[in-house]
Structure formats: C-alpha cells, structure tokens
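Given two chains presented individually in distinct reference frames, assemble the corresponding complex, making use of the accompanying hints.
Residue-level listing of the chains:
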Amino acid sequence: MTVLPLLLQAEAPTPNLLQPEGGMVIWVTIVFLIALWILWRYAWGPISDALEERETRIADSMQQAEKALDEARRIQADNQRARREAEQEGQRILREAREEAERLRSEELQETRERIKEMREQAQEEISREKQSALDELRAEVADLAIDAAERILGEALDQSRHRKLVENMIEDLPKN
Amino acid sequence: MSRLSRSAFCAAVFGLFLLMMAPPQAAADSIEGDPDAIGYAANGFYLDLMPIAKMELPRILLTRHQDGLSFDVYGSTKAALESGLYTLFDGEGNELSEADIEYAIGESKHYYFPMGAADGAVIVDLSISKHLLAVFLSAILLVIIGLQLGARYRKGIGREEAPKGAWQNTRELMILYIRDEIAKPSIGDKYRRYMPFLLTVFFFILIGNLLGLVPWGITATSNIMVTGTLAAFTFLITQFSGTKDYWLHIFNPPGVPWYVKPFLVPAEVIGMFTKPLALAFRLFGNMVSGKLVIVSVLGLIFIFSAQFGVGIGLGASLISVPVTLFVWVLKFAISFIQAYVFTILSALFIGMALQEHDHEHHEEEPDPHEALLEQADPYVPGDGVPEHSKPQPQPSV
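From first to last, the protein sequence lines are chains A and B. Reading the first sequence from the start, the letters are residues 1 to 177 in our numbering. Reading the second sequence from the start, the letters are residues 1 to 397 in our numbering.
Please keep in mind that the hints were generated in silico from the structure rather than gathered at the bench. Incorrect hints may appear among the rest.
Stated by the list, open to error - Distance condition first, Cα-Cα at most 25 Å in a straight line; then the derived DMTMM-like pairs of lysine to aspartate or glutamate:
| no. | chain 1 | residue 1 | chain 2 | residue 2 |
| --- | --- | --- | --- | --- |
| 1 | A | K117 | A | E137 |
| 2 | B | K261 | B | E161 |
| 3 | B | K155 | A | D60 |
| 4 | B | K54 | A | E11 |
| 5 | A | K67 | B | E356 |
| 6 | B | K164 | A | E53 |
| 7 | A | K131 | A | E111 |
| 8 | A | K117 | A | E107 |
| 9 | A | K131 | A | E118 |
| 10 | B | K78 | A | E11 |
Next comes chain B alone, as it looks inside the complex (with noise of 0.2 Å):
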C-alpha cells in the first residue's frame, strides 16, 4: 500500500517537473548570459542574494602554472582574472579576449564563464563554490546541533532524566528512529559500529535539504558531487564491511549452474557499484526537480508578464504562487523522505554485505513454497534458486 502511494506520490512529482520544464528551457534563450532555471538550480562561484546584491566567493585552485605547481588563493573570480594568471572560455572551450574578459567582468557576468589557467591547467578547483557553501553550512548547522544536543545528555537530561522540550525529543526521536527502525532491522546485531555513520549523513542531508527551502537557501545536496561523495561513503563503508559470504555470492555465487555463472558474476559486480550511484543519482534528482519546479513556476510569472503584458503576468501568480506553495510543501516533505531514504537504503546495502548466510541449514528448513514445489515434482531440486536472487527488503523508491 505504501509503495503504491509513494510511487504514485513520484509519479505525480515527475508529471509536475515535465509539466513545468518546458516553458523556461524555451525561454532560456532569450534571457542572454543570464542563467536560466537550469544555471539557477546548479553550482556557481557566486551567491545570488537578489535584489540585495550578487557576490562573488573566494577562488581556490591548485594550478599547475609553467613555473610550477601553486596554491592561488583570491577573494573572488574577478581578482583571479585581473592577476592575469587566469582567464575564462566560452562554451566550446575557446578562450576569450582580454577585451571580452574585461566586458564581461564590467558586466558582472564573467561568472557565468569556466574559469581557467592562463599559462598551464588548474588540476584542481577547490573554490568555495555556492553549493560548497552550503555543504559547510549544513555541516557546522549539524555539528552545533549536534554537539548542543550532545551536551544535554553529557549533562544527563534524557540520561538521568527524561528529555526536556519539544526540540531535544524531536532530535531524540529521530535518533531512535534511525537506530530502532533502520540500523536494527537492516544491519541486525552489529548496527552500533554504523550508527555514527547513518545518523551523520541522515542529519546532513536533511539540513542541506531543508536549507534549500530558505528564502535564497542553496540545496547542497541538489548538486551531485555531494551526494556522489556521501553515495561513496556508503560503497567503502558496505566493500569494506562485507563478509566472505558476500565476496562469494559476487564473484562465485553458490547454488548457479557454472554456465550462468560468466552472466551473472558481471551483473553483481556492475550491482555493486549501480546501488551506490542510484544512492547519488536519487537524492540529487529529487532535490534538484524540487529546485527546478520552484524556480520554474515563479518564473511563469515575469515570463508571462514579458509575453504578453504585466496583466497576464498578475493573472499567471495567481496560479503559480499556490502551486510554488504547494511545491513547496511537497518539497519539505521530500526533504525528510529522502533523507530517511538514503539512510535506509545504505543501512540496507552494508547490511547485504554483514549477511552470512547458511546453506546447510537452509536445507535442513526448507521454506514451504519450496516444500511444495518438491512434492508436486520430485525431480525438481532442492536448491535451484541462487540466495541472493531471492527477494531482498528492499524499498523501491
């Protein structure tokens, strides 16, 4: 039941995001050097405050210049430029003019541009890019409360006491939840050991989801480079967690006949590293549709108001502002499920991979389907099916 309304809950998600996409993407092109929904929803050197102000944030880069390796640290991309050391391209990779440069940074639009070395490569771009921002945002958000929450149950509310307040027993019951309905049940008896892990990136990606939902809030996890890098986390932690038994189900599944074996040995590896990127591609998908949706649907309004004058514009917030709202909503709801998603599905696949499993005593305790199919037929064997082809637990979100 829950699965049907989830999927139909995604359906209608997805039918909203297609639904919107199509008018800014066309629109896109008239809104010149601008970004459009798309710009607005991935990574930038600078923070959109508007109307406020636009500012610009520091560039880090470890270049490769013809004098050497060095670390070239400035307050902002226009800074990188004017050193000379750097320069910008355009879409096709051709470099642009100095003129053109200049233009550009009087125009405050030289952002919108790559970035690179003037006289050699950058091998890395550590920049504090916006979604970074983010990232270090929620991360110090998620270690002050943390540590805040730390420190009642060092101080023993909620050790010696009952927990005091609606804000530590909402923490608290989150925690519970994450040990008693996703640790316990997925990972079994040794859940403690990732205990830390699964509440870290739980806690983590709900403040960078939530944090999207500010007014100029940045979704951290609406950029796939976080989330590829906590999918990661969850890919070492499950290799490095797996048992023998999960060595042998990947590379000489037991139970198969030997001319399946070339097929399905290939199938596990690619499953090995799919459920992970899935991981990534999930939380980054739902969090950016959600951006894109919002953006797309306020943007409705001056895209009306431009076509066809400020009347219809006025006419299209009627319809666009309820619908951001609802999105909106929609979105903080999300938030919370993808998180809860994401944990439980990496408790679920470091729990495949404690998994020992027990041929022996499977035999000895046939399951009755099998019992069944044995009595029907007693040619047919015991053990045709491979373990881990059986029906895992396995939410399908």
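Next comes chain A alone, as it looks inside the complex (with noise of 0.2 Å):
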C-alpha cells in the first residue's frame, strides 16, 4: 500500500489525438503500397479489363444486332418486292398466254370457216358448172331427141334451124328442173 502515492505523483498523460507517430507513417505506407500492388496486379486490373472487355462486347453485340437488323429488314423489303414482282410477272405471263391462246383459237376458228365457205363455194360452183354443162347436154340431147322424134311423125324434114328455134322455145316452156 505504500506505493500507492508514489504512482499519484505520475499522473499519466491525457492521450493526444494528434499524436505524430511515425512508425504509423512508415507501416500504413508498407502495407498500402503492398495492398495497393497486389490489387493493382490480381484486382483491379482484370477486373477493369473485363469491365471493359464486357462493355465493348455489349456495344460491339448491340451494334451488331442493329445493323443485323437493318439487314433483315432491308432483305425482308427486298423479298417482298422480288415477291411482288415475280406475282406480277406470273399473272402477266398467265395473262399473255391466256390471250395468245384465245388468239390462236379465233384464229383458227376464222380460218376453219374461210375454208369451210371456200370448199363450199368452190363446190357449189363445180356443182352449178355440172348443172349447166348437164343441162346444155340435156338440152341438145334433147333437141335432136325432139326433131328425130318430129321427123319420124311428121316424115317430113323441116328446116333444121327452124326446127331447132321450135324446140328450144318448148324447153323454155318446160318447167325448170
């Protein structure tokens, strides 16, 4: 107990907030630069590297998505009209060979009944040209048939041209056909 008042004497010293201590100096700069060296190299360099790598890759995809876009739309566009197109081409062909055929048929149609009237014509002129050559023949027949015929009844021969007028006006009397 004696000692007691011999620590009384040394009062300790009210703690200073401002203390300078440099062992503190020199060991918060040690172990910043060395936590600052190893995050440097294993931290914050990868991990900014890969940020960044990833950031670019996101811009570079959404770039890419853009214009892979605008290249299926303008393809898009471009089948629609090589579509629309080829539809035209198609109903313009199918029009052309509808109307070609409908050509060809009156065509063909025409020329069937120019020749069907053509044949007919021609054999109505052949039937008519018979006709008369028939009826001359007939005719002449008979007129010689008559004047024989007269010359045997009435034994007495008549002018010959005379005879021939007679009979001629008789066949004109004659009913046709």
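Take a look at the structure:
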C-alpha cells in the first residue's frame, strides 16, 4: 500500500489524438503499397479489363444486332418486292398466254370457217357448172331427140334451124329442172 | 440543393458532437489513470476487449542504445519494461521510478504511459498499435475481397457473362461508380492510370471506416497518421502528375498583374499542401468524432448512474441507446460518404494537376459573361481573370 502515493505523483498524460507517430506512417505506407500492388496486379487490373471488355462487347453486340436487324429488314423488303414482282410477272405471263391462246383459237376458227366457206363455194360452183353442162347436154340431146322424133312423125324434114328454134322455145316453156 | 443538405447534415453532426463532448471531458478527471473518451479514440498499445480481456500488443522499436542501434521486438509493453532497456515517462516527460513502473504493471496501467529507452533514444516506434492492427485488418480484408472479386472476373463471371449475386454486383457497382462518376469526370482521358490508386484508397478507407462500427471495432481511419499517409499519397501523385501548366500556374500565374504575383505565388504554394492536409483532417475528424460521440453518449449512462444513482442511469439509457443507434446509422452513412469524398477530392486534385490550359483558345471563345462585360465597357481588358481563380467544380465538405 505504500507505493500508491508514488503512483499518484505520476499522472498518466492525457492521450493526444494528434500524436505524431513515425512508425505508423512507415507501416501504413508499406501496407498501403503492398495492398495497392497486389490489388493492381490481381484485382483492379483484371476487373477493369473485364469490365471494359464486357462493355465493348455489349456495345458491339448491340451495334451488330442493330445492323443485323437493318439487314434483315432490308432483306425482307427485298424479298417482298421480289415476290410482288414475281407475282406480277406470273400474272402477266398467264394473261399473255391466255390472250395468245384465245387469239390462236379464234384465228384457227376463222381460218376453218373460211376454208369451209371456200370449199362450199367451190363445191357449189362445181355443182352449178356440172348442172349447166348437164343441162346444156340434156338440152342438145332433147332437141336432137325431139327433132328426130318429129321427123319420124311428120316424115318430112323440116328446116333444121327452124325446128331447133321451135324446140328450144318449147324447152324454155318447160318447167325448170 | 445537395450542397445545402450536406452542410446542414455536417452542422447537425457537429452540433451533436459539441453537445456530447462536455460531460465526459468534465468526468475524465474523476476516472483516475483510465482513458477517457479521448483515450478510447486515441491510439494505444493494447486491445480493449472488455469485459473479456485487455490484451497487450507487441512492441517493435528501433532504438539507439549506448552500445549502438538495435531492433528490439517484445511481445508486450510489459516485456519491454521488464527487459530493463525501456522505461515509462509521465505527462511532463519525467522518468517514472522503478516502484511506480512496477505498480503500474501490477495494476495493468503501464500502457497508458509513453514508453522510452532507458539508455538512449527510440528512433522509430514500429509497434503494432491498435490503430495499426486495424490498418492491417482493413488491408487484409481489402486484399481478400479484392482478390476474390478479381478471381471471379478472371474466371469469366462478369467478363463473358453477367456478374452473379448481390455481393459481386455491389462491389462492381462501387468500382463502376468510382470509374464513371469520380475518375472519368474529374481526371479526364488519363483516368485509367489513376484507377488502381483511387479504388484502393476508396475501399481501404471504406473498410477501415466500417471496421470501427463492429463491436470492439477499431477505426483505422480515426488516426491522423493513417489519413495523413493516405493524403500524402494523393499529394505525391498530384505533384508527380503535374503538367507544365500546373507548375506555371503555381509559380508564375498567367494573366495576373506582376504586383499581385508575390502574394499569389505563396498562396498557391501553401494551397499545394493545404489541399491534402484538409483531406487528412476531414477524414480523421469525421471518424474520430463519430467514435467520440458514441462513447460519450453511452458514457452518459454510467456517469449518470455514478452521479445520481442507478435509476437515473437506467433512465439515461432510454435516451442514450436510441441516440447511439442513430449516431451509429449516421456513422454508417458517413463511412461511405467520407470514403467517397476522399476519393473524389483526390481525383479532383489529380485532375487539376493534369489540366492543360489553352490561353489562345480561351480568347478565341470568350464566355458569354465576358462578352457582355466587354460590350458594356470597351475598356475592360478581355482576360483579367486568372484561370485558376475561376470557380472549379469542387464539392465543399
């Protein structure tokens, strides 16, 4: 108990918040530099690189997607136009073919009709010509026969030409055909 | 708006600080030999893990003894004293007597006294003090967290695919914030070179701040030597990054009349040092004040119960505990804010040193304000305002 008054003489100094401590500075410098180096090498460096890589990749992908979308739109538009053109082309060809066919058919029909008409006319002509010649022949025959018969009946020869005239008149008076 | 609310916030914290400072200071004298609130916040060579234990920390000293320089390592202050090579001093710098030292060791109060060499002078005290322990812990945590994150990105998580989980996203968010909101706008194109420093300093301060918020936590950043060293890094980086224009603006400010220069140059030179100094003191002050406020407000409970009885003490706890919780939440916010402030100011100082001013360009494109002035009075010289005295984007915290 005798030491107690001794200690009371030695008052502990009030702690100083602004105490200069050289050792702290040295330690903190060392610790901070080591931490900085390790983190620079193994953390901040790779992380920053990774983040930048990721960002550029995302930006690139977005740009590419945008581009691809534009490309797709363009291709789609192209396709649509091509399809429309093809459709129109097809319709045109179909229409032309149909017209052609129609034209051909009507032409042929016309031709056939004309040929038939021509043939009929030829036939009629032939018929009438034949009929005429037959009539002429018949007429001559009939006249001869008549004269012959008349000569026989009358026994007298009549003037040839006069008789013929007579007969012809008679034939004329005959009903046609 | 944010500046206003921030200063209001600071004023509130400061007011609280003033309010709470008085009682423990007055009470300090009654707690004989034991540390008061200031002692609790100050550095020391012991760990206060009460009520479990008080633990002494190793002493490492580079000392010039009578027989030359020696590097002495002891497990504790007690061991150093028992070796006979070291002794204790009181507040006035007087050596304590053998009996006093013995008594102090017996009462476990020897670590409240400064220790010195018995037969020479301590050149540098490299002891693992409690704040240094917090620095080590913060740095180790920082390195672990950083390496773990780095490994994830190297593996491809966050590189080839999206970052996974809240923990990675939180850290990435902070890194991106520092890069996009602090480094890029403050430093400019050359921000990449300074990113590792800014990131390390930000996370180191943040972890150091947050470590002070856990039970028995020690705030590494509440030591002026720690914040001073960090600010010194900013200072050195700033000076070594300084362009020709930066030095020209300090030692020969352009666009200033010659008779102003003798006043301006010293001011600029002083400014070189006050900027990082303010950086150090701001962080230190914020952190130590939080520490003091918490210990003071909680201390009120014990002061009241000692002075007026246990009942009053219990009553005081009804106020003290919610106030402590509130201050704790504030400190949590301040931990982030101060880490951010230190980082952005460092970035701004570096950015200012990197700036290259183009004077011809400036005259070609006068700002509208000056153009108006010239219109109003044709005799006003075009460039009467020195570049650096124009308002710089600088948050006032």
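Each hint, compared with the structure:
As the CA atoms of K117/A and E137/A are separated by approximately 29 Å, the hinted pair breaks the 25 Å bound. At most 25 Å may separate the alpha-carbon atoms for a hinted pair to count; K261/B and E161/B exceed this at roughly 57 Å. Pair hint K155/B plus D60/A holds up; C-alpha atoms about 22 Å apart against a cutoff of 25 Å. Restraint check for K54/B and E11/A: the C-alpha separation of about 21 Å stays at or below 25 Å, so the hint holds.
For the given pair, K67/A sits about 39 Å from E356/B by alpha-carbon distance, which is inconsistent with the 25 Å threshold. Restraint check for K164/B and E53/A: satisfied, since their Cα atoms lie roughly 17 Å apart, inside the 25 Å limit. Among the hinted pairs, K131/A with E111/A is inconsistent with the structure: their alpha-carbon atoms are about 29 Å apart, more than 25 Å. For the proposed pair K117/A and E107/A, the alpha carbon gap of about 15 Å is at most 25 Å, so the pair holds.
Taken as a hint, the K131/A and E118/A pair is honoured in the structure, with Cα atoms around 19 Å apart against an allowance of 25 Å. Between the alpha carbons of K78/B and E11/A the distance comes to roughly 18 Å, so the proposed pair stays at or under 25 Å and holds.
Violated hints, in rising order: 1, 2, 5 and 7; the structure is consistent with all others.
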